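Protein chains: 4
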Amino acid sequence: MIKTGIVGATGYTGYELTQLLARHPQARLVWATSESSAGKRISDLYPSPDDTRLIRFDDAPLAQADVIFFCLPHAASMEAVARARAAGVRAIDLSADFRLSDPQVYERWYATPHTQTDLLKSAVYGLCEVNRENIAGAELVANPGCYPTSVNLGLWPLARAGALGPFIIADSKSGVSGAGRKLRLGSHFVEINENMVPYSIGYAHRHIAEMEMILGRHVPDVQITFSPHLIPVNRGILSTLYVTLDPGLSEQNVRDIYRQAYEHEPFIHLLPSGQTATLRHTVNTNRVAIGVTPLPRPGQWIITASEDNLLKGASGQAVQNLNLMFGLEETAGLL
Amino acid sequence: MIKTGIVGATGYTGYELTQLLARHPQARLVWATSESSAGKRISDLYPSPDDTRLIRFDDAPLAQADVIFFCLPHAASMEAVARARAAGVRAIDLSADFRLSDPQVYERWYATPHTQTDLLKSAVYGLCEVNRENIAGAELVANPGCYPTSVNLGLWPLARAGALGPFIIADSKSGVSGAGRKLRLGSHFVEINENMVPYSIGYAHRHIAEMEMILGRHVPDVQITFSPHLIPVNRGILSTLYVTLDPGLSEQNVRDIYRQAYEHEPFIHLLPSGQTATLRHTVNTNRVAIGVTPLPRPGQWIITASEDNLLKGASGQAVQNLNLMFGLEETAGLL
Amino acid sequence: MIKTGIVGATGYTGYELTQLLARHPQARLVWATSESSAGKRISDLYPSPDDTRLIRFDDAPLAQADVIFFCLPHAASMEAVARARAAGVRAIDLSADFRLSDPQVYERWYATPHTQTDLLKSAVYGLCEVNRENIAGAELVANPGCYPTSVNLGLWPLARAGALGPFIIADSKSGVSGAGRKLRLGSHFVEINENMVPYSIGYAHRHIAEMEMILGRHVPDVQITFSPHLIPVNRGILSTLYVTLDPGLSEQNVRDIYRQAYEHEPFIHLLPSGQTATLRHTVNTNRVAIGVTPLPRPGQWIITASEDNLLKGASGQAVQNLNLMFGLEETAGLL
Amino acid sequence: MIKTGIVGATGYTGYELTQLLARHPQARLVWATSESSAGKRISDLYPSPDDTRLIRFDDAPLAQADVIFFCLPHAASMEAVARARAAGVRAIDLSADFRLSDPQVYERWYATPHTQTDLLKSAVYGLCEVNRENIAGAELVANPGCYPTSVNLGLWPLARAGALGPFIIADSKSGVSGAGRKLRLGSHFVEINENMVPYSIGYAHRHIAEMEMILGRHVPDVQITFSPHLIPVNRGILSTLYVTLDPGLSEQNVRDIYRQAYEHEPFIHLLPSGQTATLRHTVNTNRVAIGVTPLPRPGQWIITASEDNLLKGASGQAVQNLNLMFGLEETAGLL
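The listed protein sequences correspond, in order, to chains A, B, C and D.
FYI, the numbering for the first sequence is 109 to 443, going by our numbering.
FYI, the numbering for the second sequence is 109 to 443, going by our numbering.
FYI, the numbering for the third sequence is 109 to 443, going by our numbering.
FYI, the numbering for the fourth sequence is 109 to 443, going by our numbering.
Simulated from the structure, these hints should not be mistaken for laboratory data.
None of these values were measured; they are calculated from a predicted model.
Since no wrong hints were added, every one of them can be taken at face value.
Copies of one chain are not kept apart here, so a pair can be met inside one copy or by any two copies together.
DMTMM-like cross-link-like pairs, simulated, lysine to aspartate or glutamate; straight-line CA separation at most 25 Å:
#, residue 1, residue 2
1, K290, D152
2, K148, E371
3, K229, E241
Build the full structure now, drawing on both the sequences and the hints.
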């Protein structure tokens with residue numbers, strides 16, 4: 109049994125991890141921290157019979173864990189991860205702190221300097237289907253952002269095949285759990301129920317950096333227009349992706365590119381021709397569903413990609429990363 | 109044109125009043141206050157084109173108004189109302205401060221002493237269908253609570269007719285706007301969406317006092333078991349009322365009692381035999397819908413009553429009270 | 109009082125019209141038809157106290173009405189409208205049958221021949237803000253589609269000013285009432301709640317024709333990529349519009365173009381800089397809200413436009429058209 | 109591996125079973141039937157990657173299964189179950205056909221004669237926590253109804269202890285999946301979203317018979333007032349139970365009664381004093397959560413009980429029954 113700790117277990121991603129680990133056949137939780145709720149049980153905070161007692165991070169026996177999940181806000185996470193690494197414990201960081209390989213890009217988008225640039229060099233971006241080999245041996249995995257997972261997995265086969273043009277529009281829609289459990293008027297039931305809210309549109313959302321980093325490996329000068337929208341559901345992201353491909357490609361060609369990339373992937377559900385991804389394809393699963401729709405003008409396509417933002421978009425992918433890091437069956441605890 | 113002011117215009121009931129007054133043919137808003145948002149416009153706080161500029165209560169020209177609506181928390185309201193009355197302006201108070209005629213009952217339920225007991229003596233409980241005559245001449249109207257309006261209007265005809273037994277169970281379900289716009293975890297979208305939450309059950313909710321006061325006029329030793337539940341809708345209250353009536357009454361007798369009480373009431377929708385009240389009967393209207401269902405054991409009945417908690421349960425009834433106070437058509441601005 | 113009839117009063121748009129007319133100060137309903145529910149009252153079909161008795165179209169006294177609203181499916185509507193016009197009664201058609209001035213375009217998108225091409229020549233497209241002058245004298249007004257109203261009003265000022273490039277992406281999201289009251293699995297609560305569904309994407313949705321017709325007047329070879337999505341709300345459309353404008357335009361220039369077009373429009377809410385349109389801006393109103401967001405690359409913009417699909421997107425605009433046709437205040441019954 | 113078949117796999121309970129079996133470590137699906145969709149795959153009917161091909165019941169190799177789940181409408185199920193039993197295969201019936209031990213009671217509530225009364229004698233009512241011993245050896249298990257599971261498990265300890273009075277009010281609220289996938293206006297998104305609908309109130313709902321049968325074992329002349337309400341969530345039942353208990357019982361006494369009955373039950377979550385059951389306690393789990401609330405009058409109590417109607421209220425309990433019947437760990441596949 110792999111022994112795990114969770115730092116910051118009371119937000120939505122931390123709680124989701126506790127639930128995933130409770131069902132995992134080869135991993136278990138040995139401690140969980142919360143600064144604001146230390147001393148309480150999870151059952152005091154969530155409608156759950158989980159009696160795990162929360163402790164402060166300073167009191168956490170780091171070295172009792174084989175791996176630690178960090179579910180902290182960005183900037184706060186990098187110091188905490190450094191302590192775990194100093195103690196020799198492997199780390200999976202769900203914050204943004206180790207996702208962007210270039211610390212200057214990090215500083216530009218997150219408006220704070222990166223204080224662990226050496227550690228950053230050792231971090232592996234944990235987009236499992238893209239980086240599987242590097243993740244296996246990693247000591248520190250940066251778990252990808254929720255929106256970028258849908259966009260990057262939706263487009264990466266096309267990028268890698270050299271078929272993807274640089275101008276990409278990602279019109280993404282997310283459930284409200286993506287905004288976290290923190291109280292703010294925009295997450296108040298009455299404000300978002302029967303409503304739909306575009307936010308941070310116009311090259312303003314930090315997740316663009318992860319899309320540029322991954323897709324930019326294969327698409328020089330990639331330019332991403334990313335428009336997130338909040339929709340009145342608890343969970344799920346749907347990205348409607350408007351892309352330009354090599355105009356000579358038929359639908360069969362495009363589908364073959366996806367098939368080659370993903371045919372052995374347990375968590376990618378490539379939809380049949382004529383179907384589009386919906387939230388229901390993936391909510392409560394660790395899957396990404398992908399639909400391919402041609403437009404009448406040659407070279408113009410719509411890719412639809414959906415995921416559960418708390419699973420494949422966060423805690424599910426974190427467990428998938430754990431499985432890869434420790435040589436377990438990749439799907440363990442995730443079906 | 110009746111000139112009105114609103115004290116506390118940025119919560120849900122205050123904002124609802126601004127919208128109702130904008131459509132009212134014989135009343136208009138002359139000023140609106142907010143301590144926390146003074147200087148801002150309503151359009152800064154709500155997705156609305158309403159450019160009304162908010163001021164502080166201390167800066168409000170009280171006497172420019174013919175009547176002032178108070179949308180303040182309980183305890184805070186009584187002093188503010190006293191200032192308006194001292195200035196000679198009529199008042200409609202949407203808080204609980206002037207609803208309970210006995211200040212000791214107020215103190216018991218609201219855990220704060222009543223500081224305006226003289227004023228309290230002059231207050232009229234603004235349940236329009238029950239107190240219409242007294243409201244017409246009132247200088248101070250206490251607008252009823254949302255839950256009590258559904259329960260009291262649902263049962264008052266039976267009580268007045270001497271047919272209602274003392275043991276009443278009110279299983280009530282309310283939309284989330286009833287909890288106000290204040291941030292709290294229980295109103296967070298993810299916490300209440302796809303959920304349903306009983307709260308303050310077991311003789312704990314303050315609104316019981318208004319039900320005991322009104323129904324107790326005709327039913328000695330009335331004993332109300334009141335169970336509020338939060339449901340994932342924005343607006344609306346449905347009360348499922350389990351009552352014991354004189355066992356000799358047929359359904360026709362019971363329906364006649366309602367008909368006599370309500371047949372000329374513009375805002376009471378007595379449903380045909382076999383139908384039950386739903387939220388949809390009343391949401392976005394100032395109506396109360398009432399359904400009558402017999403049980404097989406003689407004398408056992410279920411009354412279903414629904415209303416929009418922000419309209420008939422708060423701001424709509426407040427405008428209805430304004431209409432009565434100023435001799436306008438009772439339905440003005442409310443159809 | 110303008111006397112009106114409604115043909116097909118039991119769907120969502122027909123019912124909405126009955127409710128709007130009940131509140132209209134200068135128009136009233138004199139009869140309403142339903143083939144499937146003739147003999148019943150509206151209160152038998154909706155949770156409403158409206159006791160209007162429904163009749164069959166063949167029994168409708170057409171000439172008693174000054175104007176008839178037609179809320180029928182496309183293809184069925186054109187014959188019914190012809191009967192009204194033969195009887196000399198003015199008509200407002202909410203179907204698609206008279207929207208497209210070219211009958212061949214109609215036939216291509218709706219897969220049925222147009223049988224009333226003479227009548228079609230006299231029809232005026234009832235997009236009030238664009239065609240106000242022609243509507244005033246019209247005998248037959250074709251009420252616009254719900255999606256096209258949001259897209260066309262969102263972009264028309266830019267098109268008319270010669271600033272709009274031909275490649276337009278409209279990523280639109282609609283509440284479920286837009287799919288009508290007909291039973292189908294895709295409208296079943298469990299299937300759409302907590303879900304989001306793209307449908308008819310890839311140059312497949314018929315409403316594209318209305319966008320091409322209106323925007324194409326000023327933008328030769330306009331090419332619209334239109335992606336409708338079903339979201340779990342009752343009412344409302346949000347269109348996120350990705351457009352290319354003359355690269356020399358500043359945000360101030362663009363806002364000036366909108367202001368010139370719309371500054372006296374009672375139902376257009378142009379949002380301040382930095383704001384985006386949400387459903388809440390317009391649901392339960394006859395308004396369209398428009399937000400303008402620049403992208404970093406010169407000439408690239410996002411326009412957000414929202415409306416209530418049953419009001420400005422259907423029955424509200426139909427009443428606005430009635431007001432224009434009969435010389436009433438344009439906002440009568442709509443505030 | 110236990111081999112299972114599902115008859116009627118395309119409704120919500122049948123589909124849920126396919127998903128539970130896919131994750132079950134010791135059971136697997138060998139065939140699944142659908143009369144209306146034979147020849148199609150599950151992935152053609154649900155947004156799911158499940159490629160199980162559906163067959164007609166007549167083509168199902170009954171004897172290849174160790175046990176068959178029947179997810180058919182009542183009346184249709186009894187004949188199908190008889191065929192399985194004739195082939196010597198064990199059966200778990202999710203319909204009402206074998207739940208009521210008295211065929212006359214069945215006929216009274218379901219308005220159809222029972223044609224398999226011999227088989228009925230051998231059927232065991234599959235309320236696991238109550239009938240565990242009988243289920244282990246059963247050849248035919250009648251899986252309980254969704255509402256009765258919440259009411260019976262919520263009250264059975266009190267009934268068995270002789271503490272429960274005969275007059276019980278069960279005010280129950282259910283998600284829409286409880287009404288099935290069949291199309292009807294009452295399940296249309298627009299009709300139920302932002303709405304709440306009492307239905308079949310007044311001693312009219314068939315599930316009363318199961319409550320009377322189970323609670324009546326210990327409470328002579330039990331009289332149940334059962335009021336189901338439809339609420340706008342996909343899954344979950346919350347029953348608010350108004351009961352009279354022996355007036356000498358303290359809260360501690362009552363909690364002890366529950367603890368004795370349930371302390372080793374893996375799927376019963378007895379909530380701490382002061383807490384009430386919510387949907388969120390149990391949705392997406394096989395648990396029942398139970399809260400105990402005293403009222404001020406001696407002997408008056410409110411019990412709140414919640415469950416997921418598709419899991420503990422249907423398919424989850426069916427798998428729990430399978431586990432019991434085949435001597436597996438009772439929680440296998442259900443955590």
